[in-house]
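From first to last, the protein sequence lines stand for chains A and B.
Each residue of the first sequence is one higher than the one before, counting from 0 in numbering that gives the first Met the number 0.
Each residue of the second sequence is one higher than the one before, counting from 0 in numbering that gives the first Met the number 0.
Derived from the structure by calculation, the hints contain no laboratory data.
The reader is advised that the hints may include incorrect statements.
Unchecked claim - Sample of chain B residues lacking proximity to chain A, with all beta carbon distances greater than 12 Å (derived): (1) Gly-53; (2) Ala-120; (3) Glu-141; (4) Thr-158.
Unchecked claim - Restricting the straight-line Cα-Cα distance to at most 20 Å, the calculated cross-link-like pairs of lysine to aspartate or glutamate (DMTMM-like) are: (5) Lys-179(A) x Asp-38(B); (6) Lys-170(B) x Glu-198(B); (7) Lys-163(A) x Asp-38(B); (8) Lys-118(B) x Asp-72(B); (9) Lys-398(A) x Glu-228(B); (10) Lys-262(B) x Asp-72(B); (11) Lys-179(A) x Asp-16(A); (12) Lys-96(A) x Glu-33(A); (13) Lys-170(B) x Glu-148(B); (14) Lys-169(B) x Asp-147(B); (15) Lys-40(B) x Asp-16(A); (16) Lys-261(B) x Glu-259(A); (17) Lys-40(B) x Glu-183(A); (18) Lys-40(B) x Glu-259(A); (19) Lys-261(B) x Glu-335(A); (20) Lys-262(B) x Glu-259(A); (21) Lys-398(A) x Asp-235(B).
Just so you know, even glycine gets a beta-carbon here, dropped at the ideal spot from N, CA and C.
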Amino acid sequence: MNLRPADDRVHDFEEVDTGLPEQTAVLEALRCMECPRPMCVQGCPVSIDIPAFISAIAQEQFRDAARILKQDNMLPAICGRVCPQENQCQGSCIMSKKGKPVRIGALERFIADWERENGVESPGVAPSTGKQVAVVGSGPAGITAASELARAGHSVTIFESLHKAGGVLTYGIPAFRLPKDIVEFEIDQVLAMGAVLRLNHIVGRSVPVDELLRYDAVLIGTGAGLPYFMGIEGENLNGVYSANEFLTRVNLMHADQFPEYDTPVIRGSRVAVVGGGNVAMDSARVARRLGAKVYLIYRRREEDLPARADEVQNAIDEGVEMVCCSNPVRILGGPEVRGVECVRMDMCELDASGRPIPRPLEGEESHFTLDVDMVIEAIGQGPNPLLSGLIPDLERGPKGTIVVDDGGRTSIPHVFAAGDIATGAATVIWAMGSAKKAARSINQMLAGEE
Amino acid sequence: MYKIQHADKIAENIYEFWINAPHVAPNAQAGQFVVIRIDGKGERIPLTISAVDGENVRIVFMAVGKTTTQLADLGTGDQIQDIAGPLGVPSEVKDWGRCAVIGGGVGIACLPILARALKDAGNTVTGIIGARNESLLILEDELRDACDELVVCTDDGSTGFHGFPADILKKLVAEEVVDAVWIIGPAIMMKITSMATREAGIPTFVSLNPIMVDGTGMCGSCRVTVGGETRFACVDGPEFDAHLVDWDELMTRQRIYPEQEKKSLERYHEHTCRCGERK
Ligand SMILES: Cc1cc2nc3c(=O)[nH]c(=O)nc-3n(C[C@H](O)[C@H](O)[C@H](O)COP(=O)(O)OP(=O)(O)OC[C@H]3O[C@@H](n4cnc5c(N)ncnc54)[C@H](O)[C@@H]3O)c2cc1C
Ligand SMILES: Cc1cc2nc3c(=O)[nH]c(=O)nc-3n(C[C@H](O)[C@H](O)[C@H](O)COP(=O)(O)OP(=O)(O)OC[C@H]3O[C@@H](n4cnc5c(N)ncnc54)[C@H](O)[C@@H]3O)c2cc1C
Ligand code: SF4
Ligand code: SF4
Ligand code: FES
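Generate coordinates for the entire structure from the input sequences, incorporating the hints supplied.
Here it is, written out as structure tokens:
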């Protein structure tokens with residue numbers, strides 16, 4: 000990674016990783032062995048032809064590399080930045096056995112950025128089929144599906160309840176990891192193919208369910224936006240945020256620029272973030288950029304943190320203090336937060352997968368209090384219940400997800416679902432992969448009807 | 000962009016706007032609200048849908064802070080950037096029998112659409128509206144028309160009954176002539192007024208107004224405690240059983256940003272004075 004120095008970047012929201020310069024990219028591409036049976040492709044949820052696009056880079060055929068990428072991934076500038084590559088393509092690369100895997104994600108990003116600067120080739124759009132398809136939600140799942148469906152010649156309408164498209168890419172992931180102009184650019188590409196975007200439209204409310212079901216096909220990509228709370232004492236004190244609220248205030252509403260922008264956010268001086276995933280890391284790093292001393296409270300050990308390894312390191316470098324093997328039991332204060340009481344966790348016992356089972360310690364020394372004036376809970380999100388709860392006959396799983404088969408088909412014949420609403424909170428690339436499958440099923444169904 | 004079809008000042012500091020919102024109006028029901036954002040730098044604020052006419056929705060609001068003051072400075076023909084809705088669960092409209100709908104201050108604005116829906120469902124509807132004084136009373140004629148009976152109260156006795164809607168409600172409860180009650184207004188007014196029906200166990204709904212961001216259930220800013228459980232007012236409400244609401248928590252959570260709100264409004268006033276933008 001080409002990272003800006005931590006004490007420089009911690010004062011702004013500009014991108015932390017500045018990307019590979021052209022020469023470095025070509026040299027990195029030359030490291031690829033072009034394996035005949037490439038392990039990396041198996042690691043990528045959308046099976047990008049990785050050796051082929053890397054080989055094109057090695058030959059400095061950047062336009063070709065972009066074409067190869069776009070065959071399987073419409074949003075390479077985004078995936079190249081936020082995919083958990085260490086568990087996916089790069090994690091499977093044969094070169095990791097010899098020490099260092101090929102930096103596939105960085106190369107993917109390099110090509111996407113190159114293409115954006117050098118003019119994007121618009122993909123051909125099939126002649127109009129006259130079929131109307133509704134896509135609900137404009138996150139990675141909705142955008143990917145809309146792009147596939149528009150390309151097949153259907154008339155596509157994307158409904159988004161917020162005033163801006165992009166889902167988590169827009170309101171959740173901070174700009175220093177994913178600049179917002181890139182998200183906008185990629186969405187504009189989809190709209191350029193003729194898809195229509197209707198903002199401020201809450202499907203189920205602005206668009207009633209019977210109206211929705213009149214479309215020839217429907218794709219639901221409403222995401223996992225429902226924030227969970229721990230359910231501990233003091234949770235509704237002023238100064239306790241869900242990660243979603245904190246990140247939305249800053250990323251979507253620009254509260255970091257208050258009062259230039261109207262939406263406020265509390266600028267804690269000492270902030271506790273609870274959780275250990277990407278959402279927790281993002282919250283902690285945003286809080287640092289708003290000037291706070293930040294503690295990240297996680298119940299397992301530091302090596303168990305589920306967030307991307309790179310982002311954990313970035314957070315540490317930026318001064319986030321990890322308070323591991325600890326769990327909050329009570330938030331103190333009233334009406335404002337004055338502290339958080341935690342219990343230390345015992346990590347002796349391992350579960351079947353080898354991860355330690357956290358159990359609260361007992362005794363006098365087991366509890367401690369962190370002196371903080373703000374708490375951000377980033378302990379997970381559930382499927383967005385708003386729309387799925389309003390559609391009768393739509394089968395849902397125990398946790399509120401929409402039940403789908405391998406092709407994204409739901410219990411209603413012309414209704415499909417993809418992304419986090421179907422899988423539970425996952426990743427951008429999984430959302431895209433499932434959306435592509437669902438779009439393929441829709442195309443098949445609509446072709447059969449003709 | 001959404002056009003303000005008609006803007007009117009209807010009382011001291013209270014404004015009535017009709018906004019063209021074809022995606023909101025046709026499906027809006029009593030008890031629901033919209034979220035609006037004036038411009039690209041604006042905050043998202045919730046406002047109750049007060050009436051609907053074709054493609055237009057009516058909002059009635061009091062200018063209290065930066066956003067509502069800026070909104071009040073707009074006029075007929077101006078546009079706002081965003082309006083999303085209808086949001087929230089509609090009021091539980093059914094044949095209850097005899098209903099009382101009670102509004103305090105700008106909360107009166109929520110009553111016309113509700114009173115009409117209740118009447119259409121076969122109820123006899125008594126409206127009770129209250130304000131500090133005569134000059135703050137709104138929508139009196141419209142409500143007289145929408146309800147079977149309307150009682151007007153003022154705190155200072157400048158018109159109508161000298162006292163609070165709670166006094167009238169107590170009387171209705173004592174006479175056993177009410178089967179369901181809606182109370183909409185400032186939190187403290189809803190808290191106190193709803194005590195009148197608690198003992199008799201009369202179903203009583205209140206429309207809670209915590210600070211919101213998205214209004215779609217995604218952030219939890221609007222969480223309230225009802226019956227000991229955390230609920231999101233924007234998607235589980237905004238109407239809840241008055242007798243189960245943790246009022247003190249609601250009122251505390253409405254005051255999370257006092258300094259920022261003050262700063263934002265002061266900055267707006269300074270700006271409008273300098274540019275002479277203010278109409
Ligand atoms: C802070 C954060 C950081 C993350 N970091 C990473 C990362 O580094 N790498 C990674 O791969 N993944 C990451 N993820 C996960 C990833 O962002 C999600 O898995 C992905 O965005 C899911 O896409 P989606 O399209 O299913 O849903 P979403 O992105 O959630 O989009 C759903 C959209 O639907 C809209 N919607 C909901 N209901 C309605 C309705 N009724 N009508 C109209 N519109 C509606 C919502 O407003 C939203 O815009 C992160 C998530 C978060 C929250
Ligand atoms: C579901 C719902 C429906 C609403 N309907 C209406 C309506 O029909 N008409 C109307 O005038 N107002 C209504 N409100 C309140 C309205 O949203 C606030 O007045 C508005 O957000 C204030 O914005 P501001 O920037 O002008 O003021 P701010 O600067 O944000 O606040 C100024 C003052 O208003 C108070 N305030 C802020 N937010 C709220 C709130 N949500 N509720 C009560 N007081 C608040 C603050 O404590 C402060 O004293 C409703 C609120 C909710 C949640
Ligand atoms: S999409 Fe993600 S997993 Fe697939 S090759 Fe690109 S970075 Fe790797
Ligand atoms: S596994 Fe690694 S070396 Fe082999 S083709 Fe993939 S990227 Fe290249
Ligand atoms: S306002 Fe965000 S969840 Fe209700």
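A quick look at each hint next to the structure:
1. Gly-53: Holds: least Cβ distance 16 Å, greater than 12 Å.
2. Ala-120: holds (20 Å)
3. Glu-141: holds (26 Å)
4. Thr-158: holds (37 Å)
5. Lys-179(A) x Asp-38(B): Measuring from Cα to Cα gives roughly 19 Å; hence the hint holds.
6. Lys-170(B) x Glu-198(B): Between Lys-170(B) and Glu-198(B) the Cα gap is close to 14 Å, so the pair holds against 20 Å.
7. Lys-163(A) x Asp-38(B): holds (13 Å)
8. Lys-118(B) x Asp-72(B): At roughly 35 Å apart (the allowed maximum being 20 Å), Asp-72(B) and Lys-118(B) break the hint.
9. Lys-398(A) x Glu-228(B): holds (19 Å)
10. Lys-262(B) x Asp-72(B): At roughly 18 Å apart (the allowed maximum being 20 Å), Asp-72(B) and Lys-262(B) satisfy the hint.
11. Lys-179(A) x Asp-16(A): holds (15 Å)
12. Lys-96(A) x Glu-33(A): holds (15 Å)
13. Lys-170(B) x Glu-148(B): Judged against 20 Å, a Cα distance of about 15 Å means the pair holds.
14. Lys-169(B) x Asp-147(B): Given pair Lys-169(B), Asp-147(B) holds - Cα atoms ~19 Å apart, limit 20 Å.
15. Lys-40(B) x Asp-16(A): Violated, because 28 Å separates the two Cα atoms, which is more than 20 Å.
16. Lys-261(B) x Glu-259(A): Given pair Lys-261(B), Glu-259(A) holds - Cα atoms ~14 Å apart, limit 20 Å.
17. Lys-40(B) x Glu-183(A): holds (17 Å)
18. Lys-40(B) x Glu-259(A): Satisfied, since the Cα-Cα distance of roughly 7 Å is no more than 20 Å.
19. Lys-261(B) x Glu-335(A): Answer holds: Lys-261(B) to Glu-335(A) is near 18 Å, not above 20 Å.
20. Lys-262(B) x Glu-259(A): Holds, at about 11 Å.
21. Lys-398(A) x Asp-235(B): With a Cα-Cα distance of about 18 Å, the restraint between Lys-398(A) and Asp-235(B) holds, given a limit of 20 Å.
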